[in-house]
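**Student:** Please model the entire structure based on the sequences and the hints provided.
Take a look at the letters that make up each chain.
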Amino acid sequence: VLFNTTLFAGFFLAFFVVYEFVARSRGRLWCLLFGSLIFYGAWDVRFVPLLVGTALLDFYIARAIQDEPLRAQKRRLLAISITANLGVLAFFKYANFALASAYGLAHVLGVTPAMVPTLDVILPAGISFYTFQSMSYTIDVYRGEFAARDHPLEVLTAVSFFPHLVAGPIIRASTLLPQFERIKPLPWESVRRGFLLVATGLLLKGIADLLADPVNLAFSAGHHDRIDAWTGVLAFAGQIYCDFAGYTDMAIGIALLIGFAIPPNFNLPYLARSPIDFWRRWHISLSSWLRDYLYIGLGGNRRHRYRNLMLTMLLGGLWHGARWTFVAWGAYHGLLLVLWHVCGTRWPYLATVHIVSRALGCIVTFYLIVIGWVLFRADTLSQTLDILRDMHQPSGTAIAAEQWRALLVVIAALVLGHAISALQRPAFDKTPLRWMFWPAVVVLFATGIVLASAGRVFLYFVF
Amino acid sequence: MSEDDHTHRRLAMKTLAVGLLAAAAAILCARLVLRQLVHDMRTQDRFSQLVDHLPDICAARDPVIAIGSSLTSRGFTPSVFDDRLATLGIHATTFNAGADGVTPDVMLQLTRRLRECFANANNTPRAILIEFTPHMATRAMVRSGIEGPQNAMRLWRLLDVDSFIHVARRSSQDAGHELALLFLGGESPAAAHTIIQDALFPDPPAPVERSPTDRVGQLRQTPEYIATLARFQAMEEGTPHSWDLARRGEIESPAQTPREEEIWREVRRTDTARLQQRRGRLVKYFDLIDLDFEPALIDDLIATIREAQAITPHTYVVIYPRNPGWSMPSPTGTRNLLAVLARIEHETGAPTLNLVASTDFTPDDFADAVHVEDAWTSGKLSGIVARWVGAAQTAIH
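First to last, the protein sequences are chains C and F. Residue 457 in this note's numbering is what sits at position 457 of the first sequence, and the numbering runs on without skipping anything. Residue 374 in this note's numbering is what sits at position 374 of the second sequence, and the numbering runs on without skipping anything.
Be careful, since some hints might not be right.
As the list claims (entries may be wrong) - A short list of chain F residues far from chain C (calculated; beta carbon distances all over 12 Å):
hint, residue
1, Leu32
2, Gly101
3, Glu187
4, His193
5, Gln197
6, Asp198
7, His371
8, Glu373
As the list claims (entries may be wrong) - The list that follows gives simulated cross-link-like pairs (lysine to any residue, SDA-like), each with its CA atoms no further than 20 Å apart:
hint, chain 1, residue 1, chain 2, residue 2
9, C, Lys184, C, Leu153
10, F, Lys14, C, Trp435
11, F, Lys14, C, Arg28
12, C, Lys93, C, Leu153
Said to hold, decoys possible - Interface residues of chain F toward chain C, partial, derived using beta-carbon atoms under 10 Å:
hint, residue
13, Ala25
14, Arg113
15, Gly176
16, Leu181
17, Gly185
18, Ala190
19, Ile196
Since the hints were derived computationally from the structure, they do not count as laboratory data. Treat the numbers as computed from the prediction; the structure is a model and nothing was measured. Backbone N, C-alpha and C define an ideal beta-carbon position, used for all residues, glycine too.
**Tutor:** This is the structure we're talking about:
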């Protein structure tokens, strides 16, 4: 069920009434669990056991880790949890990719099997998100950051928590589980913020859908004029931001409405001053997960820093999907991070906060991020090269007025996307325009309804 | 009850009340905006006007109704069909009930409404022709959602409780959309989205411009072509889909003289760049060649035929010809199509006229990759269908 559909509105209303008026404390947890399983089962009921199985496995392994006195044994148990989680992810998400890659390699080596072998598997919605969430629980218990739960209810509910189940943000067990211990009402200010986030999320999703046309045109077959290529690629930068930020805003808003706080996932990413800064602002839940559980696990800054960085970004790229372009996108960002760290170490004065260097940093970073989006969106590496060539070739013909207009509309959408996100900041609430809050929510919500394109799927659902 | 529970309840009541109020206000605002944006699109829709005229159709003497998509609306001429039937001694008043982008789920609801309408009028049609447009029933078409907004609005117009249950059983997403339309007064946000998107990002000009020195380029400079084009654009911008009961849905050619007609045809037919562009779109979004069918839509097609058979036993299924130069199905597509036809035959027993591989048609009979332009061929297609229906009716009598 998508958040921007009537079906979800009906589900949420029914859920809210039951959750708030019938259940109490532990009952609310049961209510959350059943609500979440119905939400997930509405997409495809066959994958509910997989979700429950993943959470239960981690629940029991975490308990075993906690009860186990021997460090080596604890490590073995953790390895079982990680292998099981990554194994499920690998089977559903990467099996066909691995087979196709093996076929390609065999072809290069001169062996030509009769046909590309494929497995007839469906990618379960949100598998990349909930396996990471579930894994973080056992890792945190292994690290002794908090105690394993005695009852599976809390862990099951945390992993299947419907606001973030299918497209994130990735919420660690350590964020939700303490809130489950005693469900306390959040202050009215939080609920108010929840309404605002749902409304802005809906509007951002509408803007993202509007940008689909120039994106599809630029990433279709054939060569394109320079301005069309730029329009399409910038439109994708806007589309992916508005789509994903819109989804996570709605997720955070819905969680606030039912009394749970989830940390933000974006912080005006296209205003980043460097690629390092970008990853502190973009998909924060994933980048911090990768930093804490992978990068630090590999040795972090202590040894082989740049190798760790490259590996983390490569795997981060692969997390997004089973395609070589995603791997290349991860490698590209890994290289940018390494380059910025090297430059920062050798020439620290480059990091000066002078307004000119900040502005220049923003422009250079935005350009590099946009180039990265070509890799992310293109179907193949050769298409990436074609589009990059189209973007940087001299324009052969005069630019039509419609082309300029399309480019300006896309730039305006990018600015608007960030302006809407800036509106959500608590500082806005303290301005003299505070009285406009509810009218603004209604207008944003109405605009979101008008722009909604009948439940067009969120881009991050496919990851 | 603890203090926390009290606080929880109070907060929940407040949240619910404020949420419902905000949602109601937002829906009201959205309805006003959508009415401005989408209302014309809905009311000018040929299908919508057809629904308005159903009582007149059901009251007509010996009516024949041809239900289908744009292939029917552009390829089937009622007056030619009536004349050919008359030569076989069968008198009928035929109505072209085809409209752009109609899919089997919409056809099913229309046929249900027809059944009710004929029962109220205490009349029985002489025949019902159900057009099966293969590429309007593919998975690719469903995935692309191109025809979704318009058809959702059409469905909403025809929906009653039984139909809603049918839609909900097939797709909860579609049912949700219909519910949204209920709140929004029948104006689809998806249609508004399309209108806004088209306004923001208009289609780029055709990639290949004709040289003014080649034949088509020269013909485009003629005053006759310029005048015809102006009339065509006026037709399109005016009320292109108007349902005119007197004409019973016949398509008018903008050309007014034989010379204009000749130039018009030549320019339109030989515009290869446009044909390629259109074919590419049909292959990508409609799976025009391989025809991987969506089972739910095939079920709806079969239900449509059964529903029509409940109105009259003289129900026929027609599959219109494909442009031999541009849209012939692949071996896979042919296999898939034949499998569906066998299922239709098995489950309904309705006579089927399959013109897909008909040798009676050449690429010149088509206005584009898929549409036979009956006005250009002196009603060739309508004549063939009339002869076949006439033979079937004579055989029965």
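**Student:** Now look at each hint and say whether the structure bears it out.
**Tutor:** Here is what the structure says about each hint:
Its closest Cβ contact with chain C, about 9 Å, brings Leu32 of chain F to no more than 12 Å, contrary to its assignment away from the interface. The Cβ of Gly101 of chain F lies farther than 12 Å from every Cβ of chain C, with a closest approach of about 15 Å, so its non-interface assignment holds. Against the 12 Å criterion, Glu187 of chain F falls within the reach of chain C, whose nearest CB is about 9 Å from its own CB. At roughly 4 Å, the least C-beta separation between His193 of chain F and chain C is not larger than 12 Å, which violates its mark as non-interface.
Gln197 of chain F, annotated as away from the interface, has a beta carbon of chain C within 12 Å; the closest lies near 5 Å. At roughly 8 Å from the closest C-beta of chain C, the C-beta of Asp198 of chain F falls inside 12 Å, breaking its exclusion from the interface. At roughly 24 Å, the least C-beta separation between His371 of chain F and chain C is larger than 12 Å, which holds for a residue marked as non-interface. Distance check for Glu373 of chain F against chain C: the nearest CB is about 28 Å away, which clears 12 Å, and the non-interface claim stands.
A distance of roughly 18 Å separates the Cα atoms of Lys184 of chain C and Leu153 of chain C; the hinted pair therefore holds under the 20 Å criterion. Pair hint Lys14 of chain F plus Trp435 of chain C holds up; C-alpha atoms about 18 Å apart against a cutoff of 20 Å. For the proposed pair Lys14 of chain F and Arg28 of chain C, the alpha carbon gap of about 19 Å is at most 20 Å, so the pair holds. Distance check on the hinted pair: Lys93 of chain C and Leu153 of chain C sit about 27 Å apart at the alpha-carbon level, beyond 20 Å; violated.
For the restraint placing Ala25 of chain F at the interface with chain C, the shortest Cβ-Cβ distance is roughly 5 Å, inside the 10 Å limit, so the hint holds. The restraint placing Arg113 of chain F at the interface with chain C is violated, with a minimum CB-CB distance near 23 Å, outside the 10 Å limit. Because the closest C-beta pair between Gly176 of chain F and chain C is about 3 Å apart, less than 10 Å, the hint holds. Given hint, Leu181 of chain F at the interface with chain C, holds; its Cβ is 9 Å from that chain's nearest Cβ, closer than 10 Å.
Nearest Cβ of chain C to the Cβ of Gly185 of chain F: about 12 Å, over the 10 Å cut. The hint is violated. The beta carbon of Ala190 of chain F is positioned within 10 Å of a beta carbon in chain C (closest approach about 4 Å), and the interface hint is therefore held. Given hint, Ile196 of chain F at the interface with chain C, holds; its Cβ is 6 Å from that chain's nearest Cβ, closer than 10 Å.
Checked against the numbered hints above, the structure violates hints 1, 3, 4, 5, 6, 12, 14 and 17; every other hint is satisfied.
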